[in-house]
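K.L.:
Spelled out, the chains give:
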Amino acid sequence: MKPALVISARDNVATALETLERGRAIAIDGATITTIESIPRGHKIAIRAIAAGEAVVKFGSPIGKASVEIAPGAHVHTHNVESGRGRGDLQATAPRRSAKGAEAGEPANAGDEGRLAEPLE
Amino acid sequence: MTSETRFLGYPRPDGRVGVRNHVLVVPTVICSAVVAERIAAAIAPTGSALPHLAGCGQLGPDMHLTHDTLAAYCRHPNVGAVVVVALGCEQVVAQQLAEAARAAGKPADIVAIQSEGGTVRATARGITIAKGFASDLARVDREWCDASSLILSVKCGGSDYTSGIASNPVLGRVADHLVDLGGAAVLGEIAEIMGAEHLLAERASRPEAAARLLRVVSRVEAEAMALGLDIRGTQPSPGNIRGGLTTIEEKSLGATHKGGERTPLADVVAYAAPITAKGLTVMDTPGLDVESVTGMVGGGAQVVVFTTGLGTPTGNPIAPVIKITGNARTAEAMKDNIDLDVSGVIGDTESLDEAAGRLFEQVLSVASGTFTAAERLGHNEFAIHRRNPTI
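Keeping their order, the protein sequence lines are chains A and B.
Residues 1 to 121, numbered by our numbering, are exactly what the first sequence covers, in order.
Residues 122 to 512, numbered by our numbering, are exactly what the second sequence covers, in order.
Bear in mind the hints are in silico, worked out from the structure with no lab data behind them.
Treat each hint with caution, since some may be false.
Stated by the list, open to error - To give an idea of the chain B side of the interface with chain A (calculated C-beta under 7 Å), a few residues:
(1) 367
(2) 368
(3) 370
Claimed, not checked - Pairwise CB distance ranges, derived in the manner of DEER restraints:
(4) 71/A - 127/B: 47 to 57 Å
(5) 27/A - 263/B: 29 to 39 Å
(6) 71/A - 269/B: 49 to 59 Å
Cβ coordinates follow ideal geometry from the N, Cα and C atoms, glycine included.
Generate coordinates for the entire structure from the input sequences, incorporating the hints supplied.
P.N.:
Right under this line is the structure:
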């Protein structure tokens, strides 16, 4: 078993198939990447330098953007990758309903559009 | 892949084929759920109840969804006969559910707690009816049926890093193979398509299906964003994050592999609505496992294949749910719940195609009557999706 798996040639991260201790040298596509921190099994390791704001790519598609510069060999996870989807917390306009309101039992959705009303033929 | 393309099933008068022959005991409302469960338990495992939390106190769309989902189960090919258990004053109409079953060629009868004179009498009468149905069904033999009559629900839950690189690609190959044979697959969980919708839309066999998929994904994303919160922590879940999944995009890209690598997207349907297209249908379900499986089985899926990384027990009252994992530790730690271990794909001891061959054989075997782990353990989770408050 390889220590890490790169799924697509377009990817800039690999998946650790075992826990990789700091300083572990692994062969990726003929190059050697040395881990600069411990990578838990199943977590991702940068195989190239990724600039802040640059797309993190896995499965050949973007999975989010680097929130800080990520060095080759670094652990790539929630501390340095931001999702671009479902980010109600980042909306420029005030949210229609606050989290507090939702917790207080305000309906999450009572609109006309919806799982039931969506005209699907 | 095995050359076998048949299984032993139950052809139904409406043209569909069942893989089980349950006596379904359906409470119209939460108030009759306990009586329904006691009736079903008296003829287990042929008897199966659909306890649910609704059936009254609902307005408009939710009311219709409750009725339509229950009616879909009454018509389902895995059901041979139906006992409807009413209270007497509720919104869901027992006669309409019984009529749905009869229209699909199944015997059906009704017990009402108020008119029967209470729990004890209603339970006793229900058991008498259910036993009669069960003894009739026991005389029905399975017949050879073609795999093209199967609708396979593809599902994942408790995902980790192994799901996207092992169990989901293995399941996707089985979905592709079944569609090649003339069958169908259904994929739900719209939130877990978010970030991978472009890949499914590119595979749409007609532009309307692609447009509808993108519209449904946008709607679910807008609903989540309307709460003013970050979806992370719900999607992906805390367990997903511990397992190495960082964002919903990453989870979705791994998850959509289970819908096949090349099968065209043929249709997008509403929750629990009939699946009529061959090829891949996307159903508008939430990501919550039990609500999602409940909807896809309601749509007509006879068999569910459920991939998991962390392990999960979910079953269904009428459809067998096959659990597969690519995580060798989970296969060992939760072996009670796991039907198939495909971790060899990650350990380089088995190819994706070889593992898919084993899974397809398992699907045909389960369709022919072999119990899944979830069936052996009595896992029969059922939850109808709802959107609005109880009134």
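K.L.:
Now, for every hint given, state plainly whether the structure supports it.
P.N.:
Status of the hints after comparison with the structure:
{"no.": "1", "hint": "367", "verdict": "5 Å, holds"}
{"no.": "2", "hint": "368", "verdict": "4 Å, holds"}
{"no.": "3", "hint": "370", "verdict": "4 Å, holds"}
{"no.": "4", "hint": "71/A - 127/B: 47 to 57 Å", "verdict": "56 Å, holds"}
{"no.": "5", "hint": "27/A - 263/B: 29 to 39 Å", "verdict": "53 Å, violated"}
{"no.": "6", "hint": "71/A - 269/B: 49 to 59 Å", "verdict": "53 Å, holds"}
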